[in-house]
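Participant: Go ahead and model the full structure; you've got the sequences and the hints to work with.
Each residue of the first sequence is one higher than the one before, starting from 1 at the first, in my numbering.
None of these hints come from the bench; they were simulated from the model.
Just so you know, nobody snuck in bad clues.
Computed cross-link-like contacts, DSS-like style, restricted to lysine-lysine with a CA-CA straight-line distance of at most 30 Å:
id: 1; residue 1: LYS44; residue 2: LYS7
id: 2; residue 1: LYS44; residue 2: LYS58
id: 3; residue 1: LYS21; residue 2: LYS93
id: 4; residue 1: LYS102; residue 2: LYS87
id: 5; residue 1: LYS44; residue 2: LYS87
id: 6; residue 1: LYS93; residue 2: LYS58
id: 7; residue 1: LYS7; residue 2: LYS21
id: 8; residue 1: LYS58; residue 2: LYS75
id: 9; residue 1: LYS93; residue 2: LYS7
id: 10; residue 1: LYS44; residue 2: LYS21
id: 11; residue 1: LYS87; residue 2: LYS7
id: 12; residue 1: LYS102; residue 2: LYS58
id: 13; residue 1: LYS87; residue 2: LYS21
id: 14; residue 1: LYS58; residue 2: LYS87
id: 15; residue 1: LYS75; residue 2: LYS21
id: 16; residue 1: LYS7; residue 2: LYS58
id: 17; residue 1: LYS44; residue 2: LYS102
id: 18; residue 1: LYS87; residue 2: LYS75
id: 19; residue 1: LYS7; residue 2: LYS102
id: 20; residue 1: LYS75; residue 2: LYS7
id: 21; residue 1: LYS58; residue 2: LYS21
id: 22; residue 1: LYS75; residue 2: LYS44
id: 23; residue 1: LYS93; residue 2: LYS44
Simulated restraints, written as ranges between beta carbons of each label pair:
id: 24; residue 1: THR97; residue 2: PRO72; range: 32 to 42 Å
id: 25; residue 1: ALA103; residue 2: HIS71; range: 35 to 45 Å
id: 26; residue 1: HIS71; residue 2: THR12; range: 14 to 24 Å
Each residue gets a CB set at the ideal place from its N, CA and C atoms; glycine is no exception.
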Amino acid sequence: MRYWLFKSEPSTWSWDDQVAKGDAGEEWDGVRNYQARNFMREMKIGDQGFFYHSQSEKAIVGTVEVIAEAHPDSKTDDARWECVDIKALNPVKTPVTLDQIKADERLSDMVLVNNSRLSVQPVTETEWRIICDLAGLPG
DNA sequence: GCCAACGTTGGC
DNA sequence: GCCAACGTTGGC
Numbered sequence: 001m002r003y004w005l006f007k008s009e010p011s012t013w014s015w016d017d018q019v020a021k022g023d024a025g026e027e028w029d030g031v032r033n034y035q036a037r038n039f040m041r042e043m044k045i046g047d048q049g050f051f052y053h054s055q056s057e058k059a060i061v062g063t064v065e066v067i068a069e070a071h072p073d074s075k076t077d078d079a080r081w082e083c084v085d086i087k088a089l090n091p092v093k094t095p096v097t098l099d100q101i102k103a104d105e106r107l108s109d110m111v112l113v114n115n116s117r118l119s120v121q122p123v124t125e126t127e128w129r130i131i132c133d134l135a136g137l138p139g
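Facilitator: What follows is the structure, encoded as structure tokens:
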């Protein structure tokens, strides 16, 4: 199993929106970037990810699980763009902020730190465990 | 609200 | 196939 990070502007699609979809989950649509799309193509059902709020909040606020592998993005006719479906798994006890992540040298190689614009990113197992710990999650 | 960074587009 | 122009993202 692999780990990922999904970034969203809370004003567009927030953690609460994701939670409201329950176990049915929702397409992670709207990705128009090849790198991000390619990562989604690598995802398998059961992979887990962090849900990150960009913009005003800049913090990891929950975890999600991949429930459908890459398929065409229903929001566009452009066959290039695909997406996976994800469902909310656990809310964090404590949001893990970008500042915290930047301040932790164990996390200095995270894509979030080094390529902040990439909206879908891989997370290593080590990073996953560290952040789960910071977030108060069993991980 | 600004601006830097970056990715995509389109003209050549 | 290159590269300038442009648009978007996201941190500050």
